[in-house]
Amino acid sequence: MKLVVGKINIKAVVLDDEEKIEGSTLHINKQNIIDLVLADDRLADCDIEIAKPGDSTRITPVKDVIEPRCKVDSESGIFPGVINKVNLVGSGRTHVLKGCGVMTVGKIVGFQEGIVDMQGPGAELTPFSKLIEICLKLKPKDGLDPHQYEEAARLAGLKSADYIGKLGEKVEPDEVETFETLPLLEQIGKYPHLPKVGYVYMLQSQGLLHDSYVYGADAKHLVPTTMYPTEMMDGAIISGNCVSACDKNTTYHHLNNPVISDLYKQHGKEINFVGVIITNETVYLQDKVRSSDFVAKLAEYMGLDGVIISQEGFGNPDTDLIMNCKKIEEKGIKTVVVTDEYAGRDGASQSLADADKRADAAVTGGNANEVITLPKLDKVIGQLDYVDDIAGGFDGSLREDGTIKVEIQAITGATNELGFNKMSAQEV
Amino acid sequence: MVKEIEKTGIPVVHICTVVPISLTVGANRIVPAVAIPHPLGNPDLAPDEEKKLRRKIVEQAFKALTTPVTDQQVFEWN
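From first to last, the protein sequence lines stand for chains X and L.
Residue 59 in the working numbering sits at position 48 of the first sequence, and the numbers go up by one each step.
Residue 66 in the working numbering sits at position 63 of the second sequence, and the numbers go up by one each step.
Note that these hints are calculated values from the structure, not bench results.
Think of the CB as a built atom: it goes at the ideal place given N, C-alpha and C, for glycine as much as any other residue.
Please note that a few of the clues may not be correct.
To be verified - As a list, the in silico DSBU-like pairs of lysine-lysine whose alpha-carbon atoms are at most 35 Å apart:
#1 201/X / 22/X
#2 308/X / 387/X
#3 6/L / 337/X
#4 13/X / 345/X
#5 63/X / 345/X
#6 54/L / 368/X
#7 433/X / 148/X
#8 368/X / 390/X
#9 368/X / 66/L
#10 118/X / 152/X
#11 181/X / 308/X
#12 18/X / 280/X
#13 18/X / 41/X
#14 148/X / 177/X
#15 337/X / 66/L
#16 337/X / 10/L
#17 368/X / 10/L
#18 22/X / 150/X
#19 387/X / 416/X
#20 201/X / 141/X
#21 22/X / 118/X
#22 201/X / 150/X
#23 31/X / 118/X
#24 387/X / 337/X
#25 416/X / 66/L
#26 6/L / 342/X
#27 6/L / 31/X
Unchecked claim - Negatives, chain L to chain X, calculated, CB over 12 Å:
#28 7
#29 8
#30 15
#31 21
#32 52
#33 53
#34 61
#35 65
To be verified - Per the computed footprint, the stretches of chain X lying under chain L, defined by three or more beta-carbons under 8 Å from a beta-carbon of chain L, are:
#36 213-220
#37 289-297
#38 327-341
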C-alpha cells in the first residue's frame, strides 16, 4: 500500500464568508460549520472560536482534537466507516492542513477531559498549544444521555475536520512525502538483510467513554489484526475517548502517530518496517488473555525480529502491555514498550500496576502525577467549573485568584504514550 | 491493603478481575472477578441468573478463605 501525503502549511485561520486556502491562510465560514454540526439534532448549540499559539487562552474541557485532511481524486473519504463510506484507505493521495486542528469543547461528558493552555507552563506540556485551534463549543440538548452526547460531539469534530480538510483538495502542497509498505512476503523480500520490525498498537477500548473505533468498528469487539501503517494516516482509527487527557490518544495522535513516522524514517535503512498489529485493552481478563495471545501469534506469523508496543491509558491496561510484551518475548522476538508513569506526586511509587522482567526496554512519556500550577489566563474557551472534578484535578484545584493547581494528567496529551512529546522521566 | 491486613494474621481473599496484577503484587488467595466495571456481577444476565453468579463468587471466596495455602493460589470458579 502506497500513500502520498501532501502537506499544506497553515499559518493563519480567519473567519470569513468565502471558504478557501490562500497562501498559508485558511478561510472558513463559521455558519457553514455550525449548520453542519447542528444537523445532528442531539446538539442544541454550537459556536466557533479560534485560539492561536501564544494567546492568553485556556481551553477546557477538551474532548478530541482532529487534523483536517482529505482524500484527493478518490471515492473514499477520511474516517471511513464513521462519517464516510467504509472503503479501505491508506493508498492514493491525501492532503493535510498542517498547523491547525479542530478541537471539540463544551459541557463535560467524561471526567478525564482535559485542559489546553495556549500560553505559559501548561502550554509547554501539550502539543496542541502549537496549533491554531478551531474550537467547536458544543452544547447538548437537555436530558441527552452522556454516551449519546459523546457520540454527537465525536461526529461533530470529525465532520468539521473532513469539511475543512476538503478545502485543501485542489491546493498545491508545500511538501510531499510518500510512504509505502508492500504485502508481507514482498516487503520481507525487498530488504532481506534488514531486521523485520513491527508495531503493536494498543487501542483504548474499556467502554464507558473509553473507546476507539477502527473503520467504525468498536475496538473492544475486535480480535487483533494486521494493518498497513498508511491506513492510520487516513483516519482508519479514531478516538472515542471522551477522556482524552494526558495519555489517551486523540484522533490527531492517531493520524500523526510518531511511532509509525519514525519507523518509516528508518524503513529500508536500518530496519524493514513490515506492518502494524492493532489490539485492544478490555475489561474482561479472558479478552486480555485472548488478545495478547493473538498479538504474539501474529508477531510470530509475520516473522518479526523486533516489536515496538505502545500503550494507551494506564492502570489495568498496564497488564495488557505486560502480557503483550511477555508473550512476544517468549516467541524470541525483542520488544520495546512505550508507556507513561503514575509514580505518585513525589515520583517514589511503583510506576506501573504490572511488571515483568522481560519488559527490560521501556520508553516513558513522563510521570502523570507531577503537580503543576497554571497561571490565570485572560480568556477561557469552554468552562472552568469542572476543573476540580477532572482526572488530575482535586477539590480546590481552581483557586480564587484564577490559578489552577493540578496533576499534569489533566493536560491533554501531556504524557502521551506514542512518544508525541519531548517529556520523559529519569530514575534517580 | 491485602498484604497489610494479612500481616496482622487475618487471612485475606482478593477478588479481582486482573488476576496477573494480583499475582504481581503478592496476594495469596485470589478469586477472579467478572469484569473491571462490574467485578461481582454481570448486567448482561437476567436478575435470577446474576444472583446465582454473585452467590457462586462469594461462596468461592469463603472456600478460599478457609483453605490453607503455602503459595499464591488462584481459586477459579468457572
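Now the hints, each set against the structure:
1. 201/X / 22/X: violated (40 Å)
2. 308/X / 387/X: violated (52 Å)
3. 6/L / 337/X: holds (26 Å)
4. 13/X / 345/X: It holds: about 27 Å lies between the C-alpha atoms, which stays within 35 Å.
5. 63/X / 345/X: Given pair residue 63/X, residue 345/X is violated - Cα atoms ~43 Å apart, limit 35 Å.
6. 54/L / 368/X: The given pair, whose Cα atoms are some 40 Å apart, is violated under the 35 Å limit.
7. 433/X / 148/X: Holds - the C-alpha atoms of residue 148/X and residue 433/X are around 29 Å apart, at most 35 Å.
8. 368/X / 390/X: violated (48 Å)
9. 368/X / 66/L: holds (33 Å)
10. 118/X / 152/X: Satisfied, since the Cα-Cα distance of roughly 11 Å is no more than 35 Å.
11. 181/X / 308/X: violated (44 Å)
12. 18/X / 280/X: holds (24 Å)
13. 18/X / 41/X: holds (24 Å)
14. 148/X / 177/X: With a Cα-Cα distance of about 22 Å, the restraint between residue 148/X and residue 177/X holds, given a limit of 35 Å.
15. 337/X / 66/L: holds (32 Å)
16. 337/X / 10/L: Since the Cα atoms of residue 337/X and residue 10/L sit roughly 31 Å apart, the hinted pair holds (cutoff 35 Å).
17. 368/X / 10/L: At roughly 27 Å apart (the allowed maximum being 35 Å), residue 10/L and residue 368/X satisfy the hint.
18. 22/X / 150/X: With Cα atoms ~29 Å apart, residue 22/X and residue 150/X stay inside 35 Å; holds.
19. 387/X / 416/X: holds (11 Å)
20. 201/X / 141/X: violated (38 Å)
21. 22/X / 118/X: Given that 35 Å is the threshold and the Cα spacing comes to 29 Å, the pair holds.
22. 201/X / 150/X: violated (52 Å)
23. 31/X / 118/X: holds (31 Å)
24. 387/X / 337/X: violated (46 Å)
25. 416/X / 66/L: violated (47 Å)
26. 6/L / 342/X: OK: residue 6/L and residue 342/X at ~34 Å, within 35 Å.
27. 6/L / 31/X: Violated, at roughly 64 Å.
28. 7: holds (15 Å)
29. 8: Holds, since 19 Å exceeds 12 Å.
30. 15: holds (19 Å)
31. 21: violated (5 Å)
32. 52: holds (17 Å)
33. 53: holds (16 Å)
34. 61: Answer for residue 61/L: holds, closest chain X Cβ roughly 19 Å.
35. 65: Check passes; 21 Å lies beyond 12 Å.
36. 213-220: holds (count 3)
37. 289-297: Our answer is that it holds, as 3 residues pass the Cβ test (under 8 Å) against chain L, meeting three.
38. 327-341: holds (count 5)
Comparing the model with each earlier hint shows violations of hints 1, 2, 5, 6, 8, 11, 20, 22, 24, 25, 27, 31; every other hint is respected.
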